[in-house]
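Chain S is already provided as a structure; the job is to place chains G, X, V, E and W on it using the hints.
Chains S, G, X, V, E and W supply the protein sequences, listed in that same order. Start counting the first sequence at 1; every next residue gets the next number (the working numbering). Start counting the second sequence at 1; every next residue gets the next number (the working numbering). Start counting the third sequence at 1; every next residue gets the next number (the working numbering). Start counting the fourth sequence at 1; every next residue gets the next number (the working numbering). Start counting the fifth sequence at 1; every next residue gets the next number (the working numbering). Start counting the sixth sequence at 1; every next residue gets the next number (the working numbering).
Don't take every hint at face value.
[Stated by the list, open to error] Derived DSSO-like pairs: lysine-lysine, alpha-carbon spacing no greater than 27 Å straight-line:
#1 G:LYS2 - G:LYS21
#2 X:LYS154 - S:LYS144
#3 X:LYS154 - X:LYS18
#4 X:LYS144 - E:LYS144
#5 W:LYS154 - V:LYS144
#6 G:LYS154 - W:LYS144
#7 X:LYS21 - X:LYS2
[As the list claims (entries may be wrong)] Estimated spans, in silico, between C-beta atoms of each pair:
#8 G:ASP181 - W:ASP229: 49 to 59 Å
#9 W:LYS21 - E:GLY149: 54 to 64 Å
#10 G:ASP181 - S:GLY176: 20 to 30 Å
Don't read these hints as lab results, they were simulated from the structure. Just so you know, these numbers come straight off a predicted model, no measurement behind them. Built from N, CA and C at the ideal position, the CB exists for glycine as well.
6 protein chains.
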Amino acid sequence: MKKSVFMEEMDAFTYREKLAKDAVVFIPVGALEQHGSHMAMCVDAALTKAMAGATAEALTADTDGALEGIVCSAINFGYRSQQRSGGGFHLSGTTSLSGTTIISLARDICYSLIEDGARKIVFMNGHYENYQFIFEGAELALEKASAEGIRDVKIQLLSYWDFVDDATIQELYPDGFTGWDLEHAGVMETSLMLLFYPDLVDMDRIDPALYTGLPAELPNYDVLPIVADYTPPSGCLSHPGASTREKGIILRDVAVANMVIAIEDEFSGAGDFHED
Amino acid sequence: MKKSVFMEEMDAFTYREKLAKDAVVFIPVGALEQHGSHMAMCVDAALTKAMAGATAEALTADTDGALEGIVCSAINFGYRSQQRSGGGFHLSGTTSLSGTTIISLARDICYSLIEDGARKIVFMNGHYENYQFIFEGAELALEKASAEGIRDVKIQLLSYWDFVDDATIQELYPDGFTGWDLEHAGVMETSLMLLFYPDLVDMDRIDPALYTGLPAELPNYDVLPIVADYTPPSGCLSHPGASTREKGIILRDVAVANMVIAIEDEFSGAGDFHED
Amino acid sequence: MKKSVFMEEMDAFTYREKLAKDAVVFIPVGALEQHGSHMAMCVDAALTKAMAGATAEALTADTDGALEGIVCSAINFGYRSQQRSGGGFHLSGTTSLSGTTIISLARDICYSLIEDGARKIVFMNGHYENYQFIFEGAELALEKASAEGIRDVKIQLLSYWDFVDDATIQELYPDGFTGWDLEHAGVMETSLMLLFYPDLVDMDRIDPALYTGLPAELPNYDVLPIVADYTPPSGCLSHPGASTREKGIILRDVAVANMVIAIEDEFSGAGDFHED
Amino acid sequence: MKKSVFMEEMDAFTYREKLAKDAVVFIPVGALEQHGSHMAMCVDAALTKAMAGATAEALTADTDGALEGIVCSAINFGYRSQQRSGGGFHLSGTTSLSGTTIISLARDICYSLIEDGARKIVFMNGHYENYQFIFEGAELALEKASAEGIRDVKIQLLSYWDFVDDATIQELYPDGFTGWDLEHAGVMETSLMLLFYPDLVDMDRIDPALYTGLPAELPNYDVLPIVADYTPPSGCLSHPGASTREKGIILRDVAVANMVIAIEDEFSGAGDFHED
Amino acid sequence: MKKSVFMEEMDAFTYREKLAKDAVVFIPVGALEQHGSHMAMCVDAALTKAMAGATAEALTADTDGALEGIVCSAINFGYRSQQRSGGGFHLSGTTSLSGTTIISLARDICYSLIEDGARKIVFMNGHYENYQFIFEGAELALEKASAEGIRDVKIQLLSYWDFVDDATIQELYPDGFTGWDLEHAGVMETSLMLLFYPDLVDMDRIDPALYTGLPAELPNYDVLPIVADYTPPSGCLSHPGASTREKGIILRDVAVANMVIAIEDEFSGAGDFHED
Amino acid sequence: MKKSVFMEEMDAFTYREKLAKDAVVFIPVGALEQHGSHMAMCVDAALTKAMAGATAEALTADTDGALEGIVCSAINFGYRSQQRSGGGFHLSGTTSLSGTTIISLARDICYSLIEDGARKIVFMNGHYENYQFIFEGAELALEKASAEGIRDVKIQLLSYWDFVDDATIQELYPDGFTGWDLEHAGVMETSLMLLFYPDLVDMDRIDPALYTGLPAELPNYDVLPIVADYTPPSGCLSHPGASTREKGIILRDVAVANMVIAIEDEFSGAGDFHED
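Pulled out of the complex, with its shape left as it was, chain S reads as follows (with noise of 0.2 Å):
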C-alpha cells in the first residue's frame, strides 16, 4: 500500500501507530450539490478532502514529523444548501441532510475517533451551510466524551476559505470580492477543481446564456419555501470565468500555509493564535 494520510487509504494497524503518536484528525465535510453545468457535483466533498490532505502534508512537513496529521473519509453531503450561498436547496442535483442528521453524524464520528483515540480533531468544513451544525455535533461529541471521563481532546473547526487572507483576496479578484458566500462555483472552487480534479471541470460547459446574472443580487434575508426566481439559471452564484489553474495553486498554498499555521498555535505546545 501507498504512503498516505488518509484514512481510507491506511490499514488499521498503520492508522493505530500513527494515532499513537498524538496525530491530528482531520474531518473533511462536504456536500454533493450542483454547481452549475461547468463543474461535477463533488466540489464541496472534494475540494475540502483535498485540502485537509494538502494541510495533514504541510502539517507533517512544517513540525518535522512533530504532527502528523490524518485526514479521516469525508461526509460526502451537506446540510440543504441556501439560495443565498449555494443556490437553494429546490435544484436538482443539490442533496440535503435535515439539521438534526448533519449534528449527529458529525457527533458520531468524531465521538468514534475520540474512542479510537485521537485527541486532536480538526473540523474542516467546505460547504458553507453546514458550519453551525457541525459546531452542535462536535460539542455533543464532546459531552459524551466527557461523560465517559475523556477531558483532553481538543477540536478545532473552521472553513478552509476563511484562510485566504486579503492579500491574495484582492490579487485574485481584482475587480472586487463579493464575499465568499457567493464564491459557490466561482473563481475559488472552479481553480481549486482545475488544481485538483481537471477531469471533473469543463471550462467549455461555461454558457453564456445560463451564467447570466452573476454575480447574483440575492436579499439580505431567507425566503421559505424557496422563490426560484431569486436563483441565476446556472445555479453558480457568481461567474467562474477568470478561473485558472494557477490561481488553484495560489488559494491552496495560502490556504494551507495559514491553516498549518492555526494548527499549531492550537495543538503545539509552543504558543496559541494570540502570539503571532
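Just chains G, X, V, E and W, lined up with the frame of chain S:
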C-alpha cells in the same frame, strides 16, 4: 385592554380578527446571555421583541393598514453563544439551547401559527448563533404544513442588523466597523437598549479594567472546549462606550424602514426584492 | 440598573455574585394561550413570572437573605392545551409545543443553570398541561449533570395554585370550587391578572352571550381530534365575573407564603416538609 | 382457538373480520412497578388489560354486537413512577420508560392499528403517570394519519378509575377517600387483583412493620432526585388491608358500566356525552 | 403468591432478594404479528416469554441455584415485519414499531434493570427483525450506565432458535430446512405453541386453499413499498402441517439446554464459550 | 468532463437529463472499518461504490439504454461493527454510526433523490451490519414522500454478496464456505479489492503471527461490552490468503449479472422476480 401589536397583550378574539385580515406574524428569536456588566442579560430577546414591535407598527402604517403586523411571544432562549459572536457559552449567565431544541421550538411555534391561520410569517433573529437552526425549524414547519395540504405559507427569515445600511454604519462607526458578529454588547446593542430599555443599561458600569482588549481579536475558527482566555474579561466583543440613545433611534429607524420594504417586497402583491 | 430578582433585568456580573451565594433559581413555565375575550393571551407565562418574582422576593425576606432568589426568563410557550384544562389546542391563539420540544426545552434551560453553578432550582408551573413534561426535562437535566459528576443539585417542581389552601378556596369560591383544571381564565387567573397586569384585563369584555355554559361540563376523558362543541364559546372553563384585585392579593399572598415554606423545607438545612 | 376479545389470543383472519365491522380497539397502558410486598409487580399492566377485556365484552353485549371490542396487547411498561402517585422511580422493581419512549410507543402502536383499519380507538390507562405521554402519542399518530389522508379516526383517552362514581367511592372508602393518586397498591388495586388475579396477591404479606405511615403524606410538589424518606417503607401509598374480592367486583362493574356509556357516547351514532 | 421466575408474578421484595444474589435477568422481545389463520397473533412475544421462563428455571437448576434467573415483562411489540422473515408489515394484524422506538424501548428497560442492580442481562429475541435494534438499545443502555460510573454490566443478546443444533434440525426437518427466517408460522413456532399454548393453535384452520406456495420463494432483496403478491395468502412462510407437541418438546429442550450452556459460559466464572 | 455513472463526477445538468429518463439511482452504503493489516479501511465503502458503478453500467448495457443507472455518493460510514460480522466496534480504526444516525442519513439522502425526481432507487449495502437501519431509513423516506403526495417511488434494498450464486461459492471456496458474515476481510473482499483498488491491498502484510485462528469461531450470540478476546488478532474473520484478482473478476461478474436481473425484475415493466 390597550391596543397592541403583541400577541401577549392581545386577547384571542382580537387576534383572530387581525389574523383573518392575513396579518404578517413576527416571531422574535433572542437569547438570555451575558452582555457585560453594563447591560442586563435580556438584550437579544428584548431588543428583537422591540424591533419586531416597531416593524409591525411601521408596516401597518406604511401600507395604510393593508398589511397588519402581529408579534408573537419572543423565544427567550437561544443557541449556545459562540466565542466569535457572543463570547462563548462557558460564561455564567449565558443560557444555551442545544441545536435540536431550538430547531424543534422554532418548528412548533411556527406550525402553531400556521394552524391558527397565519400565512405570512417573519422570523426576526436577534442572536447571531440562532440563524441556521431557525432556518431548519421553519423548513420543518413548512414540511409539516405541506403534509397537511397547507401550501400557501411564506416565511421570511432575517436578522434585524442586516438592514442597517452602509451609510448608517459609516456614520455610526467613524473609526471603522468590525462586523455584526463582534457587535455583541457593543455600540449597536447598547444604543438600542438605551432607546428601548434605558433602565436595563448602566453606562457607569463600563469599568475600564474590565472593558479592555476591545474590539476583541478572535481567531478565524472555533475551538471546543472553549479557550476562556480568548474572550475579553467583560464578555463584550466591542466597546460600548460610544453608545447613545440617539444612535439607537437612528439604528431603529433605518433597520425598521428597510425591513418594512423587504417585508412588503415579499408579502404585498406589489413586487419583489429585485425591483428596488 | 434597578435591583431586580429577574435574570432578564440583571447583568451577568450581578447574577454571578448572587449565584455564588447558592441562590434558589426559579424557572417559570407558562404558555401563550387563549383566555377568553377578557384577558390577554400571556396569562400563564405572565402570572407565573410574577408569582415567581414575588416568591423569590419573599424568600429572601423570610430568610433574612440566607436564601436569595433569582428568576430565570420564562418559558413563554407550553404544551398543547387540553380541553379539560385549557379549552383545547384547536383554538386559534393557543400556541402548542409538542411533548418532546417542551421536554428538551426544560432540560436545556435547567442544565444551563446547573452549568452556571445553580444547585437549588425551582420549576414553577403555570399551565396545567406542562407538568409531566417539565418533570421529564428536569430528570434529564439531572442525569446529564450526574454524568458530568455534578451530583449536588436539587430540583423542586410545583404549580403555584397548589399552594392556595382550602380555607382560602372556601373563602374565594363560596358557591363551590370545581377544581384547578377548570380554573382556566376563571376567578383565580383573572384576579391575579387584575393584580399584576390590570391593563391586560378588560372585565367589560365578559360578554354574556359568549360566557355561557360555565363552569364547563367536560367529560372525564379526552377525545382526539378535539370535539370543538365540548368547549364553551368563550374558551374559558369557568366564569371570571367574580374576579377582583383584592382576591388577587389574597391568592398571591397565600400561595407565595406557602411556597416559601415549601422551598425552605427543601433548600434550607433547617428541616423538611414532614416537620410542619 | 377459543373466542377472545384479545388480539393476542386471536388469529389475524378473525381480527380482520372483526375490524371490518368497525370494532373499537382498546390499547391498555400499564407499568411494571413495585406494589408493596403483597402484590406482584404486574398490577398496572395486568389490571388495565383485564379491565379493557371486561369493557370490550360489555360493550359488545350492551350494543347487541353493534360495537365489537378488540383489546390490543398491553404496553407493559410505563413512565417513571412519581413519588406522589407510585412511590418513586428510585425503587428497585419499578421499571421506567423515559418520556420520549412512551410517546413514541403509543404513537407507533396507535398508528399501526389505524393502518390495519381501526378508526375507533380507546387508550385505557392504568398507571397514573402515563396519561400526558399517551395523549401526545395519540396526537402524533393522528397527525401521521392525517398526512396520509386518513382523517376519520377518533381516539378516546381515559383512566379506568375515573369511572368509579362518587357513590361507590363513599361506599368503599367509608373512612374517607384520599384520591386516586394515593391509591397506589391500596384498596382499589388490591381488590381488583383479588378479583382478576388472586394468585398474584398475598394478603398475609401485609407486614404491619412495613405497612406503616399510610396513607402516605406527601408534599404538594415533586423533588428530584427523589428524597427516599418521603416514600413509606412498603412502597404502597395507602393501606390495602380492607381489600376484598367483593370490592373488586363492585369496582369492576361500576367502572366498566360507566366506560361503556362513555364509549357509546363517542363511538355510536346515538349521541354524545352531553346528553346523559 | 406462587413461586415464579417472572417479574410480573413476583412482588418487589422477592425480586430484590433474588437480584441481590446477582441473578441473570432475561428480557424477552417479541412482536404482535399475524401468524396465519391457525395461530394467535401473540406467537413471537408469548413463545419468547415461555422460552425465557424455561431457560431461567433450567439455569437455576443446572447451577444448583448459583445463577438464579428472573424474566422481565416481555416487550410485546416488535420492529416492522419484513417480507422475507414475517410476511411484511403491510398485513393487517401485524403491529409495527419504528426503528427508533424499539431502540429506545430496549435501552430504557435495560437501563432500568441496571439501575435496579442487575449486572447480568440476557436479551432473548423471538422476532427475527428485532435483532439489530435491540443490539443498539443495549449498547445505549451500557453507554448511559458507563456515564453513571456503572461499568460491570454484561449483556448477552441471542435469538432462541439459534440454539437448536444441526442434528435436531435434521431430525425435525427430514425434507430439508429452509432457514430460520422462513420459519415464520412454520413447524418450529407451531410446535412450540402446541407445547406452551395449545389453546392458541387450531390445526384445523390450516386451510389448503390458503396455505399454498409454501415454503415461500422470496427474492434475495427487499422492496418498499412491499409488493403484496410476494407474500403467500396465509401469511405463513413455511407450512406448519407437520407440527406436533412432541416436536415442541424437543425444540424447547435442545434450545434451552444450549442457551443454559451459553449463559453459564458468559456469566459464571467457570469459563467462556471458547472452551466447549 | 468524462462520461460517468457517478453523480460525484457528473454536473447537475447532465444529472437532470438522465433522471428525466427515469434512471435507476443507486445509493452505496459502506463503512470506514478495520480490515486487517493487508487492506485499507475503505473496503466496505469503496467496494460498494465500485460494484454499484459496475451494476449501473451493466444495467444500461443490458437494457440497451432503457434503464440508465446513476450512482449517488457513497455513505462512507456504517453502523457499529459487530463482532460476528466485522470484528467489533471496539477496534481502533473502525468508525461507528449509532442506529438513529444511519437511519436518518439513509432517509434524508433517499428523500433528497426522490425530491430530485428519482422514482427507482436501489440501496446497495456493503457492510453487513447496516441492513436493518437502511431498511428503516428507506421506509421513512417513503412515508415522507407519501405525505407529500408522491406515491410512485419504488426502492430495492440488497447486499451485493447475496447475488453470488451457489455454484460460484463452491468454485471459489473449495474447502467450504463459512457464510458472508465471516467474510469480513476474507477472500471475497480481498479479491474484489485486488480487482478494483490493487494499490490498497498488500498481500505481503498478511502476517502469519497475526492471521491465526481463522476462520474465526464466534459464539452464536453477541456480548456487550465486546469481549475483545473473541476477535482474532488481525481483525479479519476469515483468511484472505487465497484471494486473487481473478476471483475478484468472477465475483464481480456473477454478482453484477444477477443484480442486473433483479433490478430489471423490479424496475422494467417486463416482469417480476417470480418469473425466472
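Status of each hint after checking the structure:
Of the supplied pair hints, the one linking LYS2 (chain G) and LYS21 (chain G) holds, its CA atoms being roughly 20 Å apart against a limit of 27 Å. For a cut-off of 27 Å, the pair hint linking LYS154 (chain X) to LYS144 (chain S) stands: about 23 Å separates their Cα positions. Between LYS154 (chain X) and LYS18 (chain X) the alpha-carbon distance is near 18 Å, which keeps this suggested pair within the 27 Å criterion. Of the pairs offered as hints, the one joining LYS144 (chain X) and LYS144 (chain E) holds, with about 10 Å between alpha carbons and a cut-off of 27 Å not exceeded.
Taken as a hint, the LYS154 (chain W) and LYS144 (chain V) pair is honoured in the structure, with Cα atoms around 21 Å apart against an allowance of 27 Å. In summary, the hint linking LYS154 (chain G) to LYS144 (chain W) is supported, as the alpha carbons are separated by about 21 Å, within the 27 Å threshold. Of the supplied pair hints, the one linking LYS21 (chain X) and LYS2 (chain X) holds, its CA atoms being roughly 20 Å apart against a limit of 27 Å. Range check, ASP181 (chain G) to ASP229 (chain W): about 53 Å between beta-carbon atoms, so the 49 to 59 Å window is met.
A hinted range of 54 to 64 Å holds for the C-beta pair LYS21 (chain W) and GLY149 (chain E), which are about 59 Å apart. Remark: the range hint 20 to 30 Å for ASP181 (chain G) to GLY176 (chain S) is upheld by a beta-carbon distance near 22 Å.
When held up to the earlier numbered hints, the structure conflicts with none and fits them all.
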